[in-house]
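Residue numbers (numbering that gives the first Met the number 0), protein chains in the order written: chain U, 0 to 159; chain R, 0 to 159; chain G, 0 to 159.
Keep in mind the hints are simulated off the structure, nothing from the lab. Any given hint might turn out to be false.
[As the list claims (entries may be wrong)] Computed list of lysine-lysine pairs in DSS-like fashion (alpha-carbon distance at most 25 Å, straight line):
| # | chain 1 | residue 1 | chain 2 | residue 2 |
| --- | --- | --- | --- | --- |
| 1 | G | Lys115 | R | Lys154 |
| 2 | G | Lys95 | U | Lys57 |
| 3 | U | Lys5 | R | Lys3 |
| 4 | R | Lys49 | R | Lys76 |
| 5 | G | Lys76 | U | Lys79 |
[Claimed, not checked] Some residues of chain R that are not near chain U, with every Cβ distance over 12 Å (derived):
| # | residue |
| --- | --- |
| 6 | Lys3 |
| 7 | Glu4 |
| 8 | Ser30 |
| 9 | Met31 |
| 10 | Arg73 |
| 11 | Met82 |
| 12 | Lys91 |
| 13 | Lys95 |
| 14 | Lys115 |
| 15 | Arg134 |
| 16 | Ser139 |
[As the list claims (entries may be wrong)] Here are the in silico distance ranges between beta carbons for each label pair:
| # | chain 1 | residue 1 | chain 2 | residue 2 | range |
| --- | --- | --- | --- | --- | --- |
| 17 | U | Arg74 | R | Lys154 | 31 to 41 Å |
| 18 | G | Gly113 | R | Lys3 | 29 to 39 Å |
| 19 | R | Asp103 | U | Gln111 | 40 to 50 Å |
| 20 | U | Phe80 | R | His110 | 26 to 36 Å |
| 21 | R | Arg74 | U | Gly88 | 19 to 29 Å |
The C-beta atom is built at its ideal place from N, Cα and C for all residues, glycine as well.
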Amino acid sequence: MAEKEKMTIVVFNGSLDHAMAAFILATTGASMGMQVSMYFTFWGLNIVKKNEGPLPGKGWMRKMLNLINRGGSRRLKLSKFNMFGLGTGMMKKLMKETNMPSIDDFITMAHQMGVKMIACTTTCGVMGLPKEAFRSEVESMAGAAYFLNEARQSKISLFI
Amino acid sequence: MAEKEKMTIVVFNGSLDHAMAAFILATTGASMGMQVSMYFTFWGLNIVKKNEGPLPGKGWMRKMLNLINRGGSRRLKLSKFNMFGLGTGMMKKLMKETNMPSIDDFITMAHQMGVKMIACTTTCGVMGLPKEAFRSEVESMAGAAYFLNEARQSKISLFI
Amino acid sequence: MAEKEKMTIVVFNGSLDHAMAAFILATTGASMGMQVSMYFTFWGLNIVKKNEGPLPGKGWMRKMLNLINRGGSRRLKLSKFNMFGLGTGMMKKLMKETNMPSIDDFITMAHQMGVKMIACTTTCGVMGLPKEAFRSEVESMAGAAYFLNEARQSKISLFI
Chain U
0 MAEKEKMTIV
10 VFNGSLDHAM
20 AAFILATTGA
30 SMGMQVSMYF
40 TFWGLNIVKK
50 NEGPLPGKGW
60 MRKMLNLINR
70 GGSRRLKLSK
80 FNMFGLGTGM
90 MKKLMKETNM
100 PSIDDFITMA
110 HQMGVKMIAC
120 TTTCGVMGLP
130 KEAFRSEVES
140 MAGAAYFLNE
150 ARQSKISLFI
Chain R
0 MAEKEKMTIV
10 VFNGSLDHAM
20 AAFILATTGA
30 SMGMQVSMYF
40 TFWGLNIVKK
50 NEGPLPGKGW
60 MRKMLNLINR
70 GGSRRLKLSK
80 FNMFGLGTGM
90 MKKLMKETNM
100 PSIDDFITMA
110 HQMGVKMIAC
120 TTTCGVMGLP
130 KEAFRSEVES
140 MAGAAYFLNE
150 ARQSKISLFI
Chain G
0 MAEKEKMTIV
10 VFNGSLDHAM
20 AAFILATTGA
30 SMGMQVSMYF
40 TFWGLNIVKK
50 NEGPLPGKGW
60 MRKMLNLINR
70 GGSRRLKLSK
80 FNMFGLGTGM
90 MKKLMKETNM
100 PSIDDFITMA
110 HQMGVKMIAC
120 TTTCGVMGLP
130 KEAFRSEVES
140 MAGAAYFLNE
150 ARQSKISLFI
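Chain U extracted, bound-state conformation (with noise of 0.2 Å):
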């Protein structure tokens, strides 16, 4: 059997639209037949981080910089016009208009879809985030040596 065709995304970015992009296009790749991984990074460590549970990181810097940048699929805000919370509630309504998967119901549909979501052992360290922090869909934590070596094996390597 051939080898599937592979893409690799780095998701830098936390926001609301950043997610988005990034879920349509690995969702549509893997529907395209791509194996598709993304590598979640700095701010990007947000969108897979569970909704609930403890503030991970140990000593109080950990602490308050996991309580001001709490994450959560469902505290994403835009990256533009989030205007204290108002324009991130007006486009999740429009998106939910246009029948538009939560970022939620994404995360679920790319691990059923078999995108392989990575988080980045650097970022992890410094902020002090364990494996924990994150949603069950998040199989593994690797370096950046993990994510070069699948980029240079893919077709398509995007940072996001």
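Once you have looked at the hints, place chains R and G on chain U.
Then chains R and G, alone, in the frame of chain U:
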């Protein structure tokens, strides 16, 4: 005749600086003999919206969104140091002084050089943007599958 | 001897987090045996500006722009949660605590590992930045055609 090398650019951000970067790369690529596609999505759609004309969108939420997120090549702002227009105005002056084309000029040039400009159907659906909201240089609307199909045949794919 | 695999990174954003992402990828790529080029443009130029020295640029507009947009590896701020320097300061502390190199260290390391650092002539022209505005590790200035020529020979091209 040999096939042309391809380059595909997702234009996700809609600031003046991102627009400049995208068009400098697109027109340079075309001048080097590459077949370039620009796929405008999310805020990037603002770059190729008409500067004039009625506000598109059905329902008050879309009308309001398209008012706040007005777009059009002459309304783009710097992603940093906009400073209520002062920074953006200064940058435009400096661009003119160094004979840098305006975004309007870049769109015309790119079109004449055979750069394909496509608007993302998915975002247009959510935001309520019909084909008529865009300048004539935007030759069609297409979904993520179209972009990925172009990208996997491309030597260079970028997400800007 | 076989040619080295290539990776090319456009560094467009100039925040501390984008700089970290770019240098982590560049140095990891180099350690895996890849020939890495970093092409600094727009705000990304700030990362490789000298930390000291007179303000570059002719005319009051450029002088003012280069004052506001001062740059230098030690002046970079987080793209989110800067909070008047508090967030950035905390992040730097956490980076140090986890033995993450500073951007200064990363630039030195990357240079020693053979990563090529290039400044974009076009942006430098608009902003009035001469070669002397940059650290010695920046080996040359080049235009978009140079970048695209590197990118089309690369296995991985990213726009950060």
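Evaluated hints:
At most 25 Å may separate the alpha-carbon atoms for a hinted pair to count; Lys115 of chain G and Lys154 of chain R meet this at roughly 21 Å. With a C-alpha separation of about 15 Å, the suggested pair Lys95 of chain G and Lys57 of chain U falls inside the 25 Å cut-off, and the hint holds. As the CA atoms of Lys5 of chain U and Lys3 of chain R are separated by approximately 23 Å, the hinted pair is consistent with the 25 Å bound. As the CA atoms of Lys49 of chain R and Lys76 of chain R are separated by approximately 16 Å, the hinted pair is consistent with the 25 Å bound.
Only pairs whose Cα atoms come within 25 Å are accepted, and Lys76 of chain G paired with Lys79 of chain U is accepted, the gap being roughly 19 Å. With a minimum CB-CB distance of about 17 Å to chain U, Lys3 of chain R clears the 12 Å threshold, and the non-interface call stands. At the 12 Å boundary, the C-beta of Glu4 of chain R stays outside the reach of chain U, the nearest C-beta of that chain being 14 Å off. Residue-level check passed: Ser30 of chain R sits 24 Å from the nearest beta carbon of chain U, beyond 12 Å.
Chain U leaves Met31 of chain R outside its interface by the beta-carbon criterion, the shortest separation being 21 Å against a cut-off of 12 Å. The beta carbon of Arg73 of chain R sits about 18 Å from the closest Cβ of chain U, which is more than 12 Å, so the claim that it is off the interface holds. Against the 12 Å criterion, Met82 of chain R stays outside the reach of chain U, whose nearest CB is about 17 Å from its own CB. With a minimum CB-CB distance of about 20 Å to chain U, Lys91 of chain R clears the 12 Å threshold, and the non-interface call stands.
Its beta-carbon lying about 26 Å from the closest one in chain U, Lys95 of chain R satisfies the requirement of being farther than 12 Å from that chain. The beta carbon of Lys115 of chain R sits about 18 Å from the closest Cβ of chain U, which is more than 12 Å, so the claim that it is off the interface holds. Listed as a non-interface residue, Arg134 of chain R keeps its Cβ farther than 12 Å from every Cβ of chain U; the least gap is roughly 21 Å. Distance check for Ser139 of chain R against chain U: the nearest CB is about 17 Å away, which clears 12 Å, and the non-interface claim stands.
Taking 31 to 41 Å as the suggested C-beta distance range, the pair Arg74 of chain U and Lys154 of chain R conforms, at roughly 38 Å. At about 32 Å, the CB distance of Gly113 of chain G to Lys3 of chain R agrees with the hint of 29 to 39 Å. A C-beta distance of roughly 45 Å is found between Asp103 of chain R and Gln111 of chain U, which places it inside the suggested range of 40 to 50 Å. Look at Phe80 of chain U against His110 of chain R: about 29 Å separates their beta carbons, and that is inside 26 to 36 Å.
Distance hint for Arg74 of chain R and Gly88 of chain U: a CB-CB separation of about 24 Å, consistent with the stated range 19 to 29 Å.
Of the numbered hints given earlier, the model fails none.
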